[in-house]
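Plus 74 on top of the position in the sequence shown (first one is 1) and you've got our numbering.
Calculated from the structure, these hints are not laboratory results.
Ideal placement from N, C-alpha and C gives every residue a C-beta, glycine not left out.
Among these hints, one or two may not hold up.
[Stated by the list, open to error] Here are the simulated distance ranges between beta carbons:
{"#": "1", "residue 1": "K102", "residue 2": "E143", "range": "33 to 43 Å"}
{"#": "2", "residue 1": "D117", "residue 2": "E94", "range": "35 to 45 Å"}
{"#": "3", "residue 1": "D132", "residue 2": "G81", "range": "35 to 45 Å"}
{"#": "4", "residue 1": "K102", "residue 2": "R167", "range": "56 to 66 Å"}
{"#": "5", "residue 1": "L137", "residue 2": "K175", "range": "57 to 67 Å"}
{"#": "6", "residue 1": "G127", "residue 2": "A95", "range": "42 to 52 Å"}
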Amino acid sequence: MQLRTVGAITEWHHRNLIIEASKMGLRKTEINGIEREKTLLIDMYIQSLSSDGISLKDIANELMLPIEEVTNLVFHLGVVNSSKTDFTPTPPRSPGLKLVK
């Protein structure tokens, strides 16, 4: 907070403001906050891949990640819109590690 830096409020007052903001949930979200900005390029790439017959499930399988993880990374917890309805959680795979001497 700049108010504390310039001496407009005391350390004690700053601490109380932070505690109150935390209680109200203001350290995680804003009051009347706006929707998160989203790039259009990712949507274009996903649509292009979909038209080539590549689904998000295929991408998740190639990356060896669960579909939910790919969705969260790409869409930031957004809803995935796809023509394929075969979204089943991808089971985690163990890496193929080998001992090298």
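(request) Would you list, in rising numerical order, the hints stated earlier that this structure does not obey? (result) 1, 3, 4 and 5
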